[in-house]
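Asker: Note that the protein sequences, when read in sequence, are chains A and B.
Just so it is clear: in the first sequence, position 181 is 181 by my numbering, and no numbers are missing.
Just so it is clear: in the second sequence, position 557 is 557 by my numbering, and no numbers are missing.
These are calculated hints, taken from the structure and not from any lab test.
A hint or two may mislead.
To be verified - In silico negatives: residues of chain B with every beta carbon more than 10 Å from chain A:
id	residue
1	Lys7
2	Glu11
3	Val172
4	Ala207
5	Phe208
6	Gln303
7	Ser350
8	Glu479
9	Val513
10	Glu575
11	Glu701
12	Leu769
Unchecked claim - DEER-style ranges, computed between Cβ atoms:
id	chain 1	residue 1	chain 2	residue 2	range
13	B	Val772	A	Asp146	37 to 47 Å
14	A	Ala125	B	Lys16	56 to 66 Å
15	B	Leu321	A	Asp11	54 to 64 Å
16	B	Leu728	A	Lys129	23 to 33 Å
17	A	Asp18	B	Ser712	54 to 64 Å
18	B	Lys16	A	Asp11	46 to 56 Å
19	A	Asp146	B	Ser382	33 to 43 Å
20	B	Leu728	A	Asp146	34 to 44 Å
21	A	Lys129	B	Leu321	29 to 39 Å
22	B	Thr775	A	Lys129	54 to 64 Å
23	A	Ala125	B	Ser712	47 to 57 Å
24	B	Thr775	A	Ala125	52 to 62 Å
25	B	Ser382	A	Asp18	49 to 59 Å
26	A	Lys129	B	Ser382	52 to 62 Å
No residue lacks a Cβ here, since even glycine has one placed at the ideal position from N, Cα and C.
Letter by letter, the chains look like this.
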Amino acid sequence: MEHRNGNRKGDYAVELRDVHKSFRVGDEELPILQGISTIVEPGEFVSIVGPSGNGKSTLLNMITGIDRPTQGEILVDGQAVHAMSENELAKWRGRHVGVIFQFFQMLPSLSLLQNVVLPMEFLGADAPKERHDRAMHLLETVGLADQAGKLPGMVSGGQQQRAAIARALANDPPLLVADEPTGNLDSKTAEQVFDIFHSLVEEEGKTLLMVTHDAHLAERIPRQIRIVNGRIVDDGLRQAASRLAPPLTNSMPNLVGFNGKLSPIAA
Amino acid sequence: MLTLLSKVWFELWQDKTRTIQVTLVIALGAIGVGLVIGGRNLVAGAVSESWQTAQPPHIELSVNPPLTDDQLDGLARIEGVAEVEGLYNASVEWRLAGSQEWQTGSLKAREDYGRQKMALDELLSGEWPARNTLAIGVVSVGEAGVTQGDRVEMRFGDTVRTFDVVGTIDSVGPSPVFGDVFYADQRTFTRITGRDTVDWVRIRDLAFEQARVEATDLRIQDYFEDIGVDSVGVQFPFQDRIVPPETPPAAAILNAIFLLLGVIGVIIVILGVFLVYNSVSAIVSQQVGQIGVMKAIGANSWQVAWSYLVLVLSYGVLAALISIPIGALAATGLQNFFAGFLNLEVGGVSVDTTAVLVQVAICLVAPLLAALVPLSAGMRISVREAISTYGLSGAVGMVDRLAARARNVPYSLLLTIGNTFRNQRRVLIVEVALVVAGTIFMMVVGVNDATNYTFGQKLADIHNYQVTLSLEETARVRELENTARRLTGVSAVESWLVTPASARPASQPETEVTDARVSVFGQPPETALYRPELQAGRWLQPDDVKAAVVGLQVSNDRGWQVGDWLTLTDRNDQEINVQVVGILFDPAINSSVHVPLSTLQREWGPFGKANTVWVQTAPADANTQTAVATALEGALEGRGIEVAPSSTFGENTIAGIIEQNGQGPNIIINLLVVMAVVIALVGGVGLSGVLSLSVLERRREIGVMRAIGASSWQVIRLFVGEGVLLGLISWLIALPLSIPAAYGLATRGLSFALNQQLSYNFTLLGAALWLVIITLLAVLASLFPARSAARVSVRESLAYQ
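With the hints as constraints, model all of the structure from the sequences given.
Answerer: See the structure below:
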């Protein structure tokens, strides 16, 4: 099968093969995901939608390795995530996945800048000065350069979420995963965040998976995977080919800067 | 991982309360151990150093009868005796010239102060005593108020002489000083006492070797037996004959005391480690979300754990900075405390290297070890579990289920009880700390009660008299008692014969130097003034002739039992065979043998005479005692009956005897109280830490309570209630544990250290005192966290993140 970006079959950003997940609650096995199989191409912007409690966040956790399937295979960029150890997963996540949480999850004792630097330190790439410069650039691109020295508790929820996006981009991962990233934001801020996501996909070629309850936002995302009762009822592959949602605002600056290499490129 | 260092700094600085709490529990443990190790090493070092400087003898004996110069020369010719030095000792009465009251004291003399050989004395100021002058012991300067330049009157027998005090003297080595001590030259001593013979000898070989010195001692014993001299060891406190140079005076007691303090110190450290475990466990629990996020953004377990280990190490470094100087000061204080007791000069603040190293190890290593378990548990939490933290905890324990079934109990009380046991492991650890603190505190109070009881009420019950005098010579019983009865305030009087003797099993044909040294009391069997506590057998009966009742300590030491026959030998080598019919306990003396007065008078003579007077006064208050003692002494002296400077038990009144006996235990108990206070502080800080963590973990719960109407006071009451409940539970558990602990320490540990059997008596004082202390401690420890909880706003606590 030929894909949008011309990759050969098998070079998917994400591939799920008959993934099952159940939780034990007391004496019962509660099935959360039942036979999930789908693919996500590199550079796709995908929303995962469905009623509450039907497995959307669980599916996202499978893909990032935060949780493990009871059965099935999960391949991200060709790598079998389900087979890695915890420490392997942590290191892999640092390089290959940027995670954005609903509740921001900024470390309260570190400044915004330090929160962005942290994943780079964990990965161990680059010298401290270069990490610092890259982190400042990332904060600049999300409009937070002047808040870099502040603790998360001193900035608004929207600013924290933008800083969280900058942190997710720290090691320039190909895949970004966002679980209800706008769930805790007002509509205006939510739009700003969505615009950043859109730019990351269109201009940086990132693959972005986003769980959302916001139907308005979901409609503007090229592809929707609908999950009901732990099953994919619509994997949105036909939609993806025909839809492309433009941004509603151009209020965010264009993303320029580091291409993952040490030397910056001109704006 | 430089960025995570910022996190560590933030944790240290932002949560100062927690930093202080964790640092304190570590520091208190290190201080406790540093105090004991440093104190012991400093004391041992000072004692050993000064002991060597003093040129200690290898053998030190009291001899009776005193030795003549020829006999001293004979001693010097014994194989193994390289040096001999004789000393002169006597009990005297003295007073400052112009004052009224006579006091008892000791008079010591050497042949030549300029050519001392052993156990040196040094002249601190003025001049050595010379013809018709005296010097004063430095300890007596403070206690007796006599200084160089004063004139003192000295009475021995019925002769009073006046002397100038021309110098101040102190012993070079450590030697406990009891009472007022004066120094004279040999001629002056002879002039005062009429005696020119030595009653104290010190002997050295060329070098000390245990077996060699023991062999020399045997030869000395043979020599003394040939010349009819009795000798007994005088080394404090167990009257050892042989004195190894590396074993300074009171070494056994010091070692026992420091061992006991060391055990308590180790307990404090262990408690501190558990409390650090608690704190780290709570930090990890509180920050599990952050741990999950760090793992989600690429950190491996080691990278996450590293930051917490650095945090714990930081607490340790802070604790070391606090505990090392405080430990050094405390150890110096302990050194000075014992130096005073041992009459030792020490100066300035000293730092013991071993103590410092141990404190550093405790501060740095112990917390890291304590943190490993909770950290490794925290690192094992999955990222999914770690980051899925919002809403209120749904954990319900057994206590909650029981509380849910309770009827007619205020819900706030149920909430307090349920909250207290929410985190059972943490509660268990802090309860252990509080129980140990309470047990040790109540044990110390119990031991104090035991000593007060033994040397107070029990002693007074047994010694049913208020005044006692000893005579220089025996006098007619009728004259003694009639003289006493004529005095105002005397309600009853008896006269006894009291004489030193040796005691051996009757099956042993001859006396040995190792025979028991006892005081033989010839008393009327129907005496009303002596009511001993019998441990076995019976007291003397009117028709007893060869019966004896022996003291508990000496019978335990020697293995004597009821029915055994003993041979008593007095100074004149007169012997009596007696049968043990009873064993008694008397805290005032631990080596006594009591026989019928008539038996002693008949066997050892003289018949119809006695050498001690025992008087009951009415009223029995201390002033009456002193007045009667003075009047009786005057009355007897007026009839030409010489009164000895000190009585059988030292003091002339029961009030003085009780006070004198209580001094020794107080030294040890004061030290135990210090350790008990330290351990109580550890418990209090631990409790405060647990409650602070509880507030942090239950912020949302507090917010919900306030959202549904709880006032600040109700929130405060909840947390203070938790603290008090934990304190009260610990009290209930500690109380039954403290009773056997106090019994064991009093009747075994302290009895050994004091060489005096103590009698245990349970009182509620320790329990009541600790109940008050732990309640106050719990309230204080919980007040700050409780107020912090009350200040949590609904909005802040329920905000996500």
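Asker: Using the beta carbons of A/Asp146 and B/Ser382, state whether their distance is inside 33 to 43 Å or not.
Answerer: holds (37 Å)
Asker: So B/Leu769 supposedly isn't at the interface. Is its beta-carbon more than 10 Å from every beta-carbon in chain A?
Answerer: holds (43 Å)
Asker: The output says B/Ala207 does not contact chain A. Does that hold with a beta carbon cutoff of 10 Å?
Answerer: holds (67 Å)
Asker: Quick one: work out the minimum CB distance from B/Lys7 to chain A and report holds if it exceeds 10 Å, violated otherwise.
Answerer: Its Cβ does come within 10 Å of chain A, the nearest being 5 Å, so this is violated.
Asker: Given a hinted range of 29 to 39 Å, is it respected by the beta-carbon distance of A/Lys129 and B/Leu321?
Answerer: holds (33 Å)
Asker: Would you check whether the claim that B/Val172 is not at the interface survives, using Cβ distances to chain A and the 10 Å cut-off?
Answerer: Check passes; 61 Å lies beyond 10 Å.
Asker: Given a hint of 54 to 64 Å, does the C-beta separation of B/Leu321 and A/Asp11 actually sit inside it?
Answerer: holds (59 Å)
Asker: Quick one: work out the minimum CB distance from B/Val513 to chain A and report holds if it exceeds 10 Å, violated otherwise.
Answerer: Its Cβ never comes within 10 Å of chain A, the nearest being 76 Å, so this holds.
Asker: Is 49 to 59 Å right for how far apart the beta carbons of B/Ser382 and A/Asp18 are?
Answerer: violated (23 Å)
Asker: Using Cβ atoms and 10 Å as the threshold, tell me whether B/Ser350 really stays out of contact range of chain A.
Answerer: Non-interface label stands for B/Ser350: nearest chain A Cβ at 42 Å, farther than 10 Å.
Asker: May I ask you to check that B/Glu11 keeps its beta-carbon over 10 Å from the closest beta-carbon of chain A?
Answerer: violated (6 Å)
Asker: Against the range 46 to 56 Å, how does the distance between the Cβ atoms of B/Lys16 and A/Asp11 compare: consistent or not?
Answerer: holds (54 Å)
Consistency note: the structure conflicts with the earlier hints numbered 1, 2, 6, 13, 14, 16, 20, 25, 26.
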